[in-house]
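Protein chains in written order, with our numbering: chain A, 1 to 105; chain B, 106 to 271.
These aren't lab readings, by the way, just hints derived from the structure by calculation. Model, not experiment: these values are computed from the prediction. Backbone N, C-alpha and C fix where the C-beta goes; we use that ideal spot for every residue, glycine too. Certain hints may be false.
Claimed, not checked - One-sided and incomplete, this derived list gives chain A residues near chain B with beta-carbon spacing under 10 Å:
| no. | residue |
| --- | --- |
| 1 | Ala21 |
| 2 | Met38 |
| 3 | Ser39 |
| 4 | Leu49 |
| 5 | Val65 |
What the hints assert, rightly or not - Only some residues are given here: those of chain A computed to face chain B with a beta carbon under 8 Å:
| no. | residue |
| --- | --- |
| 6 | Trp11 |
| 7 | Leu28 |
| 8 | Val47 |
| 9 | Leu58 |
| 10 | Ser59 |
| 11 | Ile84 |
| 12 | Tyr89 |
Unchecked claim - Per the computed footprint, the stretches of chain B lying under chain A, defined by three or more beta-carbons under 8 Å from a beta-carbon of chain A, are:
| no. | segment |
| --- | --- |
| 13 | 146-159 |
| 14 | 162-172 |
| 15 | 209-220 |
| 16 | 225-238 |
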Amino acid sequence: MSIIQTIPIEWYLFLSTVLFAIGVFGVLFRRNAIIIFMSIELMLNAVNLLLVAFSSYLSDSKGQVFVFFIMAVAAAEVAVGLAILSMVYRNTNSPDINNLNKLKW
Amino acid sequence: MIITYMFYLLSFLAIMFGLMVVLSKNPVHSVLYLVLTFFAIAGHYVLLNAQFLAAVHIIVYAGAIMVLFLYIIMMLNLNKEAEPHKSLWIKASAAVAAGSLLVVLVASIKGTVAITPSNEFNPNIGLIENLGQTLFKDYLLPFEVSSVLLLAAMVGAVMLAKKSIK
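Using the sequences and the accompanying hints, generate a full structural model.
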C-alpha cells in the first residue's frame, strides 16, 4: 500500500501552500534578520516538499534531483547571508533590519 | 489507513512548528522549532518513497544549516528577547497579506484539473541508484555549476566576515 493510492496530490499542494504562506508571514511579521532568514528557509522547504511530491506521484526522478540543487543553493545563500548579517551586526550592534534603511528614498 | 494518519500527524507537526518558528520570541527557540519542522518534512519524504532525500535533508538542513544559524546566534549573543516590536498596524497588515496570499493560492489550486501520471508507478525512484543515474546523465552541467556556486559562496562568506579588507 503506497501513499499514492491513499492520499491525493492536492493535499500535498495545500500543505506546501500553507508552509509557504507561513514563511511569507514570517518575513513580513518579524524584524529580526535571523528569523527572516529562517522564514526564507521555510519557504524553500515548502517548494522542496512539493517537488518531491510531484516527483513521487509522476514516478519521475528529475524532481528529486532538482531538490538537490535547491539544497546546494540554500546552503550557499545561508553562508553568504549569515556573513552579511554578522557584518551588519558589527556595524550597527543590532539584528534589526530597520537600521538598514539608508537606501530607502 | 496508517499512512493517512501519518500524513495528518506530520502535516500538523510541520504547520504547528512552522508557526512557532515565526511567533516565538527567543531566536534560539525559533531555530530549534525549525529543526523540528525539518524533521516533520523529512518524515513526509519517507512517506513519499524518497528515502535518500530524507537522509540528505536531515544531514544538510538539521545538521549543517541549523548549526550555522545557532553558531551565529551564539556568536552575536542574540539569545535574548531584545527585539523591538513592530507596530500593531504593521503586524496586522502582515497577517492580512500572508492570509490573502494563502487564500489566492488555495483558490487557484482548487481551479486546476487533476494530473494523470504518464509513467507507470515505480517505487524505486527515490533510491540512490536512480537519482545518481539522473544526476550524472541528464544534469551533469548543473551539477558542475553548483560546485562553482559553492566555491563562490565560500570565498564570499570569508571576504564578508573578515574584519577589515586591506
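Status of the hints after comparison with the structure:
1. Ala21: Holds. Min distance 4 Å.
2. Met38: With a minimum Cβ separation of about 5 Å from chain B (threshold 10 Å), the hint on A:Met38 holds.
3. Ser39: holds (6 Å)
4. Leu49: holds (6 Å)
5. Val65: holds (5 Å)
6. Trp11: holds (7 Å)
7. Leu28: For A:Leu28, the interface hint holds, since the closest Cβ of chain B sits about 4 Å away, which is under 8 Å.
8. Val47: Result: violated, 11 Å to nearest chain B Cβ.
9. Leu58: holds (5 Å)
10. Ser59: Holds, because the Cβ-Cβ distance from A:Ser59 to chain B comes to roughly 4 Å (cut-off 8 Å).
11. Ile84: Where the cut-off is 8 Å and the nearest Cβ of chain B is about 6 Å from A:Ile84, the hint holds.
12. Tyr89: holds (5 Å)
13. 146-159: holds (count 8)
14. 162-172: holds (count 5)
15. 209-220: holds (count 5)
16. 225-238: holds (count 9)
Against the hints set out earlier in the document, a violation occurs for number 8 only.
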